[in-house]
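Quick mapping for you: the protein sequence lines, in order, are chains S and U.
For the first sequence, my numbering begins at 1 and goes up steadily by one.
For the second sequence, my numbering begins at 1001 and goes up steadily by one.
Worth flagging that the hints you see were computed from the coordinates, not collected in a lab.
Remember, predicted model here, so these are calculated numbers, not experimental data.
Any given hint could turn out to be false.
Lysine-lysine pairs mimicking BS3-like chemistry, simulated, CA-CA at most 30 Å apart [stated by the list, open to error]:
id, chain 1, residue 1, chain 2, residue 2
1, U, K1210, U, K1274
2, S, K123, U, K1210
3, S, K123, U, K1213
4, U, K1161, S, K213
Here are some of the chain S residues that sit facing chain U, going by a computed Cβ distance under 10 Å [what the hints assert, rightly or not]:
id, residue
5, E157
6, F201
7, S210
8, L212
Just so it is clear, CB atoms sit at the ideal spot from N, CA and C, and this is done for glycine as well.
Residues per chain are reported as follows:
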Amino acid sequence: MSTLIDSLIAALLLVNLGLVGSSRLTGCIRLAALQGVLVGLLPLVSHAGVAPRTVILALGVISLKGIVFPRLLANAIRNADVRREIEPFVGFSVSLLMALGLVAVSFWLGSNLPLPENQFPGKLVIPGALCTILIGLFLIISRRKAVNQVLGYLVIENGIAAFGLALVPDIPMLIELGILLDVFFGIFIMAIMIYRIGREFNHIDVDRLSTLKG
Amino acid sequence: MNPGNLLWVLLLLPALGGGISLLLKSGRSILRLVAAGVFLIATGTGVFVFSLSGRLPILSRGGWLHLDALTAFHLLVMTLVFLLCSLFAVVYFQEGGRPTIDLAQARRFGALWFGALTAMTFVLLANNLGLMWVGVEATTLITAFLICLHSTPVSLEATWKYLIVCSVGVAFAFMGILLIGAAAAETSTIAGHFLDWTHLRRIAGGFDPKLMKLAFVFLLVGFGTKAGLAPFHNWLPDAHSQAPAPVSALFSGFLLNSALYALMRIFPLINAAKGISAWGGRLFVIFGLLSILLAGVFLLSQHDLKRFFAYCSVENIGIIALGLGLGPLGITASLFHTLYHSTAKVLGFSAAGRIGHMYGTMDMRRISGALRFGRWWGVGLLVSLLALSGMAPLAIFFSKFLMMRAAALNREYLVLILLLFGSCLVFITMIRRAIDLSWGEPPVQAGPAAHDHRLEKTIVLVTFALLLILGMWQPRPVLGLIRQAAAIVGGQKS
Chain S
1 MSTLIDSLIA ALLLVNLGLV GSSRLTGCIR LAALQGVLVG LLPLVSHAGV APRTVILALG
61 VISLKGIVFP RLLANAIRNA DVRREIEPFV GFSVSLLMAL GLVAVSFWLG SNLPLPENQF
121 PGKLVIPGAL CTILIGLFLI ISRRKAVNQV LGYLVIENGI AAFGLALVPD IPMLIELGIL
181 LDVFFGIFIM AIMIYRIGRE FNHIDVDRLS TLKG
Chain U
1001 MNPGNLLWVL LLLPALGGGI SLLLKSGRSI LRLVAAGVFL IATGTGVFVF SLSGRLPILS
1061 RGGWLHLDAL TAFHLLVMTL VFLLCSLFAV VYFQEGGRPT IDLAQARRFG ALWFGALTAM
1121 TFVLLANNLG LMWVGVEATT LITAFLICLH STPVSLEATW KYLIVCSVGV AFAFMGILLI
1181 GAAAAETSTI AGHFLDWTHL RRIAGGFDPK LMKLAFVFLL VGFGTKAGLA PFHNWLPDAH
1241 SQAPAPVSAL FSGFLLNSAL YALMRIFPLI NAAKGISAWG GRLFVIFGLL SILLAGVFLL
1301 SQHDLKRFFA YCSVENIGII ALGLGLGPLG ITASLFHTLY HSTAKVLGFS AAGRIGHMYG
1361 TMDMRRISGA LRFGRWWGVG LLVSLLALSG MAPLAIFFSK FLMMRAAALN REYLVLILLL
1421 FGSCLVFITM IRRAIDLSWG EPPVQAGPAA HDHRLEKTIV LVTFALLLIL GMWQPRPVLG
1481 LIRQAAAIVG GQKS
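Modelling step: build the complete structure from the supplied sequences, incorporating the hints.
Structure follows, in structure tokens:
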């Protein structure tokens, strides 16, 4: 079981690097969707195994993060009619180097944080989750398209979901569904905002939204 | 019948109001519904809370909703803020008896306004920390579109910043809740409800202190972002200044407090863990002082009236956070300050909105003689500025004074000096602005003089009276509620 989990987490890390290195907006959206599916599969391989509760959760997460969110975001950028390439503040090779650094940091954090006994089989889950959260933050800070910030937020959410699964596997169903609902509405509202910003400004470059200062 | 089950009604009523406002067919009737509905809910909540005040805490069946003195106090502040803001919204969105927003905007406003009330009530009532988090995130999402009700480039910019910064911030708070959950899972014996606050409070003494410290850092950063604590406040001035005035008043009056409430809820759990009792309080003191001083400096250079009030919110949130770290007296002062600041700030933003409208600008350098020209709202602006500056005998003077006494009693002389310095800085800035805005010659090119609606006079008079009276005399039930609430935050077993 634990090799299966470790390979899922390894895939998660690879997707993180892909997100940092990818130069096309649509590619990034697909990668984030793939990551959502990977995170959705995690509960199925946890110690609870394939049970009604985990299956419902996995189905919910996979259908939202794998199908609904990518469609919403793809629609938003199509309607906002923006250029599809990413022009980051930090170049791609430097970004990749920094991402590798973040991987190292998260492994260090994973072994040094005063976390309780791991409830989850496999040693990679907590570092993998922390790394995903850090990469999400990095995406928010270093990219100028509004869509990238939404993707960064989604990546952070994925990381936190994995983190929660490793630390508190028995969160009541109601809370999980509540969180999922919040994330859904969050992405939905952000997609509407991207559309409205695109219509108002003819671009969605967040660094050019800088009238408000001080 | 178990009175706890009535708590569901408190949640359902505003949700119902939101639903109805989507069905109504004119902007005017929606605004009326908002005012009447919130008035009914506020009165109902007041009666409900006071009639139960001897029997708190109560739980709904299944333990999902929970009402104790801390919740009850915040419920009262929230409904007061909502009531004043809703009445003001009726005035603000109408001109000569006609709504200035179209039907689609009015529907959006009504639904989101009631939605925000539902979500904030949910934050206050939720017993389960996970669900409380869901509520805080929901308040962010629901209120986002209130900022850009009038869709302008700057308001979209402010909304985007608010959405991203607060969503990410609050996501970090969830890490903190997960860590508390991990600490609880080690010691807890019941499954399912182990994140319930009532349960956690009983067993918090046995939690791993290191884990709780880590959790508190995440929670403070996360909910602190939403509450507008410096240095995570940078979304706040933009959102407050670009939103329509009733929305700004609501943000400053209770949105920030609902995130602070979450911190107050969790604070006793952190304190209960062995050996870190003073540590959580120190963090509150540090971030509180930082907010007060930073906001004091930023206030000096503000020319936009609403941004000025927004930075003032950062300062006051800092004062409330500071008090949480100053022992029982400090916590009591924080709760008093919550009530006073919310009341004063609702008046402040309302007056700023109206005055800005009359002068056609929010630039304070171009507003003068407001006392004569703005009539009732001029008085409102002056009163709110004086109250927020901490001038006696208006209410905020007393909570600030109590705060300083708490610092002195704890022998925190450095804190006392910094607090005094910050307060003086704010006092001088506020008074200078108040004089410039209120007196002097009104500009010639200003629009027609205001016709004060009866409702407008009521809002100004009621808040003025509240600010004047509440500082010197509090009704016995309110005082009792604040004492009990302070005991809960302080972690004493009641």
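Verification of the hints:
no., hint, in the structure
1, K1210(U) x K1274(U), "holds, 10 Å"
2, K123(S) x K1210(U), "holds, 21 Å"
3, K123(S) x K1213(U), "holds, 24 Å"
4, K1161(U) x K213(S), "holds, 12 Å"
5, E157, "holds, 6 Å"
6, F201, "holds, 6 Å"
7, S210, "holds, 8 Å"
8, L212, "holds, 4 Å"
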